[in-house]
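Okay, here's what each chain looks like letter by letter:
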Amino acid sequence: MSEGIDEVLRSKLQQQGVWVTSMQELYNWGRKNSIWPLQFGLACCAIEMIATAASRYDIARFGGEVFRPSPRQADLMIVAGTVTKKMAPQIVRLYNQMADPKYVIAMGACAISGGPFKQGYNVLKGIDRYIPVDVYIPGCPPRPEALLHAFMELQRKIDEQKLSGVNKAAHLDSEQPSEFPVPAFGKHDLEPPANPDIFHPPKLERV
Amino acid sequence: MESLEQIKARIEAAVPGAKIDIVTNGAPSQQHSLWVDNEHASDVAKWLRDDPALRLDFCSNVTGVDCLDRTEKKTVKVKKIVDGEEKEVNETAEEKIPGYLEAVYHLYSMTHKHGPVIIRMKTQDRAENACLPSLTPIWRSAEFQEREIFDLYGVKFDGHPDLRRILMWDEFEDYPMRKDYREPDDYEYEPTPHDVVLEKAKQYYPSRPQSDGAEGIVEGSKPT
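Sequence lines, in order, name chains V and F. Position in the first sequence (first residue = 1) + 11 = the working numbering. Position in the second sequence (first residue = 1) + 7 = the working numbering.
Here chain V stands alone, though its shape is the one from the complex (with noise of 0.2 Å):
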């Protein structure tokens, strides 16, 4: 919603046949309603993604059904999938291509946290060590309900977004980071194992 705008005055001028917006709301209104993803999977939840695409979810409904197979001419990461150590360089290179503005929604246990396979040697234990993450989905793999749920999320988050001001939304503010480090592969693990910039796991108490 815009600020500045007296709804009542507003709702009267439309019904004169007046539109008043603007430019902030005409703005993420355009944005979100067409965002498109990045044409990538990495494990079953990539099915349930494909699901999502094809006519009986319908994921074009919501504007996001052109699937690019360039990261430079996508808008949203869906990282799809069990996310390998091998993987990740690869996985934070893609997302350093993309322009801005840019999503991620991490779909499934194991782009959450690892999921079943979090205690592995070659899993990396969630794609949020190393990239930030806007929608978490949980389920192995969720339903493509669940990934249109998040797809209704992250346009809610992008109408919420600020074009000025102290809160504007990250890829207005040159001080934000639109890249972030590509972890190397060391002699024991990913080096380095998070990026302590983007990863603040929460301090769990126990007695």
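Misleading hints may appear alongside valid ones.
Said to hold, decoys possible - Within a straight-line C-alpha distance of at most 25 Å, the following computed DSS-like cross-link-like pairs (lysine-lysine) qualify:
1) F/K209 to V/K129
2) V/K198 to F/K186
3) F/K103 to F/K80
Don't read these hints as lab results, they were simulated from the structure.
Dock chain F against the given chain V, drawing on the hints supplied.
Just chain F now, kept in the frame of chain V:
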């Protein structure tokens, strides 16, 4: 298909000098296997593939096994003279078995529709002599699986056409499927730990808050 004893006898006749042992499997599956010595392994494998009665032309699976150093206790009855009388006394003898790595091949015949015949090879130790002859020249399907064993167990296959890591990255130095592998310590955030993970996650627990009067109870700390 003929029994393992018959196969063993025929191999020993066909490949002079080959040492074959039958490794019995005590599990309900009763899948016994043939242990083949490393020197004659490729000759034996070639014979198993080309023998008209067996024709094991399909290698379906290759697996690695890691055996650590272990000691086995055996009770042996020994005759001893105790107080001038000869008596049978039970003595326990400890036998040290050095660790080794194994490769296990499951062989079938597409021609005769029989199998599996399982053959095994053992390395001398788990370090620098962890070498085995590659059977990829005999069964092409072993190529990727031998690479996987090289990657995860560290067995070097002599004669393999392209021995590189297959699952882990090239810079990786450990062998994750070995029993003494220690994974990197990244247990800083474990929301639902239990068992082994709980023990590993405990070192990341913050100390208890000072306000609840329980300070100083944390193990290893001294009350001030």
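### Message
Which constraints among the numbered hints does this structure fail? Numbers only, ascending.
### Response
none
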